[in-house]
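Can you make the complete structure from the sequences, with help from the hints?
Protein sequence lines correspond, in order, to chains A and B.
Quick note on the numbering used here: the first sequence kicks off at 318 and runs consecutively.
Quick note on the numbering used here: the second sequence kicks off at 318 and runs consecutively.
There may be inaccurate statements among the hints.
In this list, chains with the same sequence are indistinguishable; a pair is considered to hold if it fits within one copy or across any two.
Claimed, not checked - Below are the DSS-like pairs computed for lysine-lysine, each with C-alpha atoms no more than 30 Å apart in a straight line:
#, residue 1, residue 2
1, 519, 550
2, 543, 519
3, 550, 572
4, 483, 596
5, 403, 355
6, 403, 596
Calculated directly from the structure, the hints in this document are not laboratory data.
2 protein chains.
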Amino acid sequence: MNITIAKSELLAALQDAAHAISPNSPQASLRGIKVEAKENRLVITGSDADISIRRVLEKDDINNLNIIEEGEILVESRYLLEIVRKIDAEQIQVEVIDGSLTKFSGGSAVFKINGMRADDYPSIDFTKPSSSVSLTAAELLSIIEQTAFAASAKDTRPVLTGVNFKLENGILSCTATDSYRLAKKTMPFASADSFNITIPAKSLNEVRGTMLGDLNETITISLNDKKAQFESKDMLLQTRLLDGGYPETDRLIPKEFKYVLSVNRNDLIHAIDRTTFIKNDNMTINRLSLSEGEIILSNRSQEIGESTETLAGTFTGEPLEISFAGNYVMSAARALRGNELKISFTGEMKPFIMTCEEDQTIIQLVLPVRTYN
Amino acid sequence: MNITIAKSELLAALQDAAHAISPNSPQASLRGIKVEAKENRLVITGSDADISIRRVLEKDDINNLNIIEEGEILVESRYLLEIVRKIDAEQIQVEVIDGSLTKFSGGSAVFKINGMRADDYPSIDFTKPSSSVSLTAAELLSIIEQTAFAASAKDTRPVLTGVNFKLENGILSCTATDSYRLAKKTMPFASADSFNITIPAKSLNEVRGTMLGDLNETITISLNDKKAQFESKDMLLQTRLLDGGYPETDRLIPKEFKYVLSVNRNDLIHAIDRTTFIKNDNMTINRLSLSEGEIILSNRSQEIGESTETLAGTFTGEPLEISFAGNYVMSAARALRGNELKISFTGEMKPFIMTCEEDQTIIQLVLPVRTYN
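Next comes the structure, spelled out in structure tokens:
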């Protein structure tokens, strides 16, 4: 391989591909980024076996790509990024000298780096699955931001570390739960297709971090029962899916409520946030004492002390005392868009749901916790 | 104690005091900030036993201090900062309710926090030593920035973890060395006084981080053989000194040179910085190959690869090859102010010195390393 290319375009593509890489992967070749030059284009791939990212640079006036000799290289991603970031030149030359020894030159600097054998790189099947749906980047971003945080961080039930995407009868529903809370987004979706897959939350967060910069762009998701491919104009991110049936969650969501609280979203977030340092067993548990006359948020730890704060808002129902993990309610409130939150309860130890008028596609459910003070 | 005070002023003073605190100190009382209200002023103290910071807030129109009842509190610094930072009010009330239980209120929030007994706080002697010198913040900043980085990070010879300040015959010299490199700043100083003390580099970095925001301010340093006090308009930082005689370093600095290199400072810094990922045993060793025709910086690692870069500049002397720790030369170059560096050598394995025309007060010395390639 022997190419020249604009530094800034090469760097951007390498940075995108590097998102998929685990720098400490036990499999050496996966610590590398693969760069292939052929047929007037550069194909740049990074992968951690679960997530793979591919950037294709077609020769154009911005990237100024010139392929002097076709070929491929596989170089440890951190060295590659460091060299391309720091070379002080508009144009960079990358040339294989001997075997996997690769020369990078630009400005007055010349690097000769021991690469790896490109044919040691696992063959990643980028074949496009036949079933596909399209969303705007804005729609996909709101799905990810409003649900992915609620997925489980623990591997004990792997399927819960993902977001379930289910398309049925023209309705797309996206659900995440760690069994203590649940986020569900439901939107009409003009398609006769149907699927039921679970995408790792980690992969969705990579999609958010790399592909959703331009909110008007169309993102195509192609999928089968093994993998999902997210594709934008010049980038492709492919992720494996989580195996196992996703639990039926609809029956967990209560439909009738005896108590309803309306409260300003930011007031609630800030009031909880002020108390996060008051922890018991490393958790912040807040308590709401609700009556039609008063809404009081409190928090108490034997060791540290206590807080109380009166919130403005309205409450209808018999007086109710309910305790919950503060960070769960804060993240749920952050994921709801709108100024006023409606929190609907059915009882002291029953799950409650949080919604807002302005965006009826999203519902957040939180399980209360038992306290003894 | 019972006071009200402007949140922003209280927060700033607490943040300053917190700089002295080790949040995980085994001595519980030192994890706290002490606040004393008496005689129309608030005295705020933080300490880790080595460094102590005191802020005094005299009642004025900005801090709006109102002392309703004199007294003192001692509260874990991280709780104190968290509460005062997040309370949503211009004015905060702090009141001792019962023993060390302390109430903080502002806006709609009320906190009752378990403080510690203020009389458990170590008594810190803030008596001012009689000997003192004054510098501008700008002068003190340049002393710290140009020397402190060269102090040793290891405790094997404690006195080397500090910067030696020596005043003699109207000359102030400030020296730091970790025995592989040395930084020395020498400036005329109109004083008949004399002293020879070593201040921990860590303390000087705290001084830099907290007291030197206004470069025109005068900083008074009062000292005896046990401690140094840095005092600005409204803040006092006191540090213990390092025991033990500081080594005589003047004889280490060569006076005559056989080889002299002139090179652009930024070019040298960037060229070394580009190669920092090429490590041997976790160190980046750069090699300069110097002749009157060519200045080449190179770097080589069996595992990773190599770099070479030609630098613009002038060299006089017989051809010379010399190797050194890249980060030592980079930090020394950064600490020299000026566009052109002069690097003077006496031989392949002899210390070399780095200086610049624009600022003759500062000299940097670096020991070469032996390499076998």
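Structure-based check of all given hints:
no., hint, verdict
1, 519 <-> 550, "within (22 Å within a copy, 51 Å between copies)"
2, 543 <-> 519, "within (16 Å within a copy, 55 Å between copies)"
3, 550 <-> 572, "neither (42 Å within a copy, 64 Å between copies)"
4, 483 <-> 596, "neither (38 Å within a copy, 50 Å between copies)"
5, 403 <-> 355, "within (26 Å within a copy, 57 Å between copies)"
6, 403 <-> 596, "between (45 Å within a copy, 16 Å between copies)"
Hint check: violations occur at hints 3 and 4; the rest are consistent with the structure.
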